[in-house]
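Take the given structure of chain A and dock chain B to it, following the hints.
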Amino acid sequence: MEILATRNDKGTIVAISGKMDAVTAPVYEQKLRELIDGGETVFVNDFSRLAYISSAGLRSILATAKILKPKQGTLMFCGLTGPVRDVFEISGFGSLFPLHPSPEAALKSIG
Amino acid sequence: MSQRSLRLEARIENLEAMLAFVAESAGKLGWLGERLPNIELAVEEAAVNVCNHAYPEGEGFIELSAGGSRDSFMVVINDAGIPFDILAAPEPDLTADITEREIGGLGCFLIRSLTDRVSYRREGERNILQLEFLREKGQEC
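Protein chains in written order, with the working numbering: chain A, 734 to 844; chain B, 35 to 175.
It is worth saying that the hints were derived from the structure and are not from the lab. Bear in mind that the values here come from a model prediction, so they are computed numbers and not experimental data. Errors might be hidden in some of the hints.
[What the hints assert, rightly or not] In the EDC-like style, the derived pairs of lysine to aspartate or glutamate whose C-alpha atoms are separated by at most 16 Å in a straight line are:
| hint | chain 1 | residue 1 | chain 2 | residue 2 |
| --- | --- | --- | --- | --- |
| 1 | A | LYS799 | A | ASP742 |
| 2 | A | LYS799 | B | GLU136 |
| 3 | A | LYS764 | A | GLU735 |
| 4 | A | LYS802 | B | GLU136 |
| 5 | A | LYS743 | A | GLU773 |
| 6 | B | LYS62 | B | ASP105 |
| 7 | A | LYS804 | A | GLU773 |
| 8 | A | LYS804 | A | GLU837 |
| 9 | A | LYS799 | B | ASP131 |
| 10 | A | LYS802 | B | ASP131 |
| 11 | A | LYS841 | A | ASP742 |
| 12 | A | LYS799 | A | ASP770 |
| 13 | A | LYS802 | A | ASP770 |
| 14 | A | LYS743 | A | GLU837 |
| 15 | A | LYS799 | A | GLU767 |
| 16 | A | LYS802 | B | GLU134 |
| 17 | A | LYS802 | A | GLU773 |
| 18 | A | LYS799 | B | GLU134 |
Isolated chain A, as found in the complex:
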C-alpha cells in the first residue's frame, strides 16, 4: 500500500494504492491521524488505484471518521472500483460516506 497526501486549499487529497488489509490499514489510520493532529479536517480519499480493502481497512476508516466528527470534519471518497466498491456496498459504507467520481468533484461538493 502507498499513501500520497496532497494539500489543496479546500482539503487534503489522500491517494491510496495497492491493498488496504489487516497489515496495511493501521498505516493509513496513523497517517490520517497525523494529518488531523496537524489541523486538517477535510479529506478526499482517492481510491482509484486501490485494488482491495478488507474489514481492517473499513475499521480504520470508521475510526478516522469518529475522530473527525466532533471536529466538524469531512471524510469523502472517490474513484471506487470493482471489489472495493462491492465491499463499500455490502458493508453499508457507501451510504455512510459521500462518494464522488473524482477528487475534483468531491472538493467541488463542499463549495
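Only chain B this time, still in chain A's reference frame:
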C-alpha cells in the same frame, strides 16, 4: 479433486503467504477472474480472526486447505485455538451513522456475505471453518 494445504504460525505477518497460497490454489483450478478478490477477502477475514483471537494465551498454528474444481472452490481453515463460531457473531447495524456505528463485527459479516456456503464445526480441540465458493452458470470464475 486436488487438495493442497499450508500450515503456518497464526500471525498477521503470515497473512500475505496465506493469501498467496489461496490465490495460487484457486488459479490452478481456473479461478482467475472476478471472484478471486472475494475469495481472498473472505479468507483474510477468517485468517485475521484466528491470528488475533484464537490464541489469547500465546501462539499457535493455522492450517489452510484448498481444493475443488472449476465449479466449486473450497477453503478449509483450522486452528487449535479457543472455540469461535463466526456464524454466531451478531449482524452489524449497517444503517447506524458514524457516531453510533460500532468499530468491528464487519469481518464475520463479510465472510457470510462473500461466501456461497459457510460452515463451522468444533472437532475435538479444533475450530474448522469451511468456505465454499460456487461458480454460477455462464459466470467467469
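Hint by hint, here is what the structure shows:
no.	hint	in the structure
1	LYS799/A / ASP742/A	violated (23 Å)
2	LYS799/A / GLU136/B	holds (10 Å)
3	LYS764/A / GLU735/A	holds (11 Å)
4	LYS802/A / GLU136/B	holds (14 Å)
5	LYS743/A / GLU773/A	holds (10 Å)
6	LYS62/B / ASP105/B	holds (13 Å)
7	LYS804/A / GLU773/A	holds (10 Å)
8	LYS804/A / GLU837/A	violated (23 Å)
9	LYS799/A / ASP131/B	holds (10 Å)
10	LYS802/A / ASP131/B	holds (11 Å)
11	LYS841/A / ASP742/A	holds (12 Å)
12	LYS799/A / ASP770/A	holds (14 Å)
13	LYS802/A / ASP770/A	holds (14 Å)
14	LYS743/A / GLU837/A	holds (10 Å)
15	LYS799/A / GLU767/A	holds (15 Å)
16	LYS802/A / GLU134/B	holds (11 Å)
17	LYS802/A / GLU773/A	holds (13 Å)
18	LYS799/A / GLU134/B	holds (9 Å)
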